[in-house]
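Colleague: Input sequences plus hints: build the corresponding full structure.
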Amino acid sequence: MSMPMFSLTECFILSQKSFPRLFEVLQAKGYQVIGPTVRDGAVVYEQLSSVDELPCGWQDDQGGGTYRLKRRADNALFGYGVGPHSWKKLLHLPAYCLWSAQTENGKLQIAPGDGPAPKLAFLGVRSCELHALAIQDKVFLRGKYVDPAYRQRRENALIVAVNCAQPSGTCFCVSMNTGPKASFSFDLALTEVIESGQHFFLVETGSPQGAELLGQITEQKATQKDKDAAARVVANAAAHMGRTMESAGIKDLLYRNYDHPRWEDVAARCLSCANCTMVCPTCFCTTVEDATDLAGKQASRWRKWDSCFTMDFSFIHGSSVRASTKSRYRQWMTHKLATWFDQFGTSGCVGCGRCISWCPVGIDITEEARVIRQNDGITLTKEQVHENQKP
Amino acid sequence: MAVKHKPKLAVWKFASCDGCQLSLLDCEEELLAVAGAVDIANFPEATRAVVRGPYDLSLVEGSITTPRDAERIHQVRRASKYLVTIGACATAGGIQALRNFKEVKEFISIVYATPGYIEALNKSTPISDQVFVDFELQGCPINKYQLLEVISAYLNRRKPNTPPYSVCLECKRRATVCVMVAHGTPCLGPVTQAGCGAICPSYNRGCYGCFGPKETPNTAALAKRCARIGMSDPDLVRAFRTYNSYSEPFRRESIAHEQK
Ligand code: SF4
Ligand code: SF4
Ligand code: SF4
Ligand code: SF4
Chain A
1130 MSMPMFSLTE
1140 CFILSQKSFP
1150 RLFEVLQAKG
1160 YQVIGPTVRD
1170 GAVVYEQLSS
1180 VDELPCGWQD
1190 DQGGGTYRLK
1200 RRADNALFGY
1210 GVGPHSWKKL
1220 LHLPAYCLWS
1230 AQTENGKLQI
1240 APGDGPAPKL
1250 AFLGVRSCEL
1260 HALAIQDKVF
1270 LRGKYVDPAY
1280 RQRRENALIV
1290 AVNCAQPSGT
1300 CFCVSMNTGP
1310 KASFSFDLAL
1320 TEVIESGQHF
1330 FLVETGSPQG
1340 AELLGQITEQ
1350 KATQKDKDAA
1360 ARVVANAAAH
1370 MGRTMESAGI
1380 KDLLYRNYDH
1390 PRWEDVAARC
1400 LSCANCTMVC
1410 PTCFCTTVED
1420 ATDLAGKQAS
1430 RWRKWDSCFT
1440 MDFSFIHGSS
1450 VRASTKSRYR
1460 QWMTHKLATW
1470 FDQFGTSGCV
1480 GCGRCISWCP
1490 VGIDITEEAR
1500 VIRQNDGITL
1510 TKEQVHENQK
1520 P
Chain B
4 MAVKHKPKLA
14 VWKFASCDGC
24 QLSLLDCEEE
34 LLAVAGAVDI
44 ANFPEATRAV
54 VRGPYDLSLV
64 EGSITTPRDA
74 ERIHQVRRAS
84 KYLVTIGACA
94 TAGGIQALRN
104 FKEVKEFISI
114 VYATPGYIEA
124 LNKSTPISDQ
134 VFVDFELQGC
144 PINKYQLLEV
154 ISAYLNRRKP
164 NTPPYSVCLE
174 CKRRATVCVM
184 VAHGTPCLGP
194 VTQAGCGAIC
204 PSYNRGCYGC
214 FGPKETPNTA
224 ALAKRCARIG
234 MSDPDLVRAF
244 RTYNSYSEPF
254 RRESIAHEQK
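Top to bottom, those sequences are chains A and B.
Residue 1520 is where the first sequence ends in the numbering used here, and the numbering goes up by one at each step.
Residue 263 is where the second sequence ends in the numbering used here, and the numbering goes up by one at each step.
Think of the hints as simulated: they come from the structure by calculation, not from any bench.
Treat the hints with care, as some may be off.
[As the list claims (entries may be wrong)] For lysine-lysine, the following DSS-like pairs were computed, each having C-alpha atoms within a straight-line distance of at most 30 Å:
no., chain 1, residue 1, chain 2, residue 2
1, B, Lys162, A, Lys1218
2, B, Lys84, B, Lys108
3, B, Lys227, A, Lys1199
4, B, Lys9, A, Lys1236
5, B, Lys162, A, Lys1426
6, B, Lys147, A, Lys1433
7, A, Lys1426, B, Lys147
8, A, Lys1350, A, Lys1158
9, B, Lys162, A, Lys1433
10, A, Lys1218, B, Lys84
11, A, Lys1426, B, Lys227
12, B, Lys84, A, Lys1426
13, B, Lys162, A, Lys1236
Since this is a predicted model, take the numbers as computed values, not measurements.
Modeller: Dropping the structure here:
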């Protein structure tokens, strides 16, 4: 693995002592800072008022269906792997009022839904998450049908990325070519360096806005030594991925294994609970619900996160076309790793590992892919094929 | 379009704690709107005035536990155009269905001084075991907003939004940290129907399954995981045997662990 480069843009140094300035400058510019903090035993993304709320000195142990915080030996601010939340919850809201209507004196009036988008600064965006944002941008902003709610929130968002130093036990961004170093689509990108008694941030700028902000905080240019130290942090992260997935040819692998017996096996373990799709930073599916008042005078239309694991999701003309859990799990995994390429030109998986950690029964997409690859094209008996083709 | 004439609403009670009916009274702010939209024709918890049937909308609370009630529910059905069961008792037999796993005569002889006066059926059963039910609203107790939603959907002639998927969707939409994954706390959320708003996990407790089984619940896979994080077979029997113990998926799962 070659060393990540830190020379494309000019790099600056932000000392640990001057780090709180970042908050002050962002807040002075009218941004609400959203970033990582510890709540209920996990690192979650919430509104922060000061640097003291960052998960100083915390890291995590993650595996299939488990997540535990633990103390670090140092006081790193960003020494954790991604937690249960993703930035999706702030751009593609879990529940969103599209519009409301009321009748008064027999006249129908329609009002727009949720109000104007807030100005948010995302602090601590990981490389895989930048890729996930880019993927959701394609979903919501590309082509004829642009989602105005997403666009407003996205355009307003300022992004301060942080390169990963400590991947979690379920990370596999290296396999998916999505990390661990932030390479695009940020305003600022930090690398937290803690070595030989030093604790500082190497900062890259990714936009004029980012450069302007940084100019108000530090003018100290990074030396080659600083850049080398930061490169070591990222290289070390890349060498410590918790999971791997052979992504080459994965689309065709899944397409030709539509009848693989493994789908039946995973269906016996899967709860069809939808947690994997809820935590996945690229999943975008929604359902629409109408609400009416008792008098029949007011109505509103809501859009809510939905999932291909629910029966209603594929309810077409009288019944659900994916009635079995097997067909629902297969839909999820095949969409992420295969049909997404045909639909959007990229993988739908960025290797963040959330679906593995936050699956209550620890079903692991990398493991499922591995088993299918190991038994690529395994042939079924005629009866098994028949059984397998039931919806 | 709203229904033209003011529909007559009736509330009926069978074997139950009254908690679900009370969620209608608990609607406070919305209660006037309810009273404005429907004629409350029979609701003993709220008023003694009784309007004769037939009724457009009947809300039925409670399970069938006595021979007399097994008769009465047919009268209610005959007098009702649209019958909605509310709560775990009416929909699944309720907490009193725990008797279904034992011999009820044994309890009666222990509990009552004069067992001869007690006329009880051997099983507590849901309303749908006796008569046709138009809609079942799950929950112990039901969620008052879901009740308003059912009434409002009825009045506006649309399908109620009471999704049959897992509690986990509500849990994730409100950004709660999963207690199962992050704390190792067993949680019935993945096999339980949404509707409560995922209250318990937001207080760092596992879901107790008050809203009954979700669509396609995989109780066996969840039980296996719960066993791995420390639950014994007797614990699992108890977890599946609460308010919805007699719903088929929970009943089967509890029996599986009893037999181990
Ligand atoms: S599929 Fe899983 S690992 Fe891939 S992006 Fe989604 S949550 Fe992350
Ligand atoms: S995996 Fe399922 S929930 Fe996710 S984007 Fe695809 S269809 Fe939607
Ligand atoms: S794979 Fe896991 S998280 Fe996803 S639906 Fe199945 S049990 Fe739930
Ligand atoms: S806490 Fe329970 S209900 Fe919430 S996501 Fe986890 S398993 Fe599901």
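Colleague: What are the numbers of the hints that this structure violates, sorted from low to high?
Modeller: Violated hints (numbers, rising): 2, 10, 11; every other hint is consistent with the structure.
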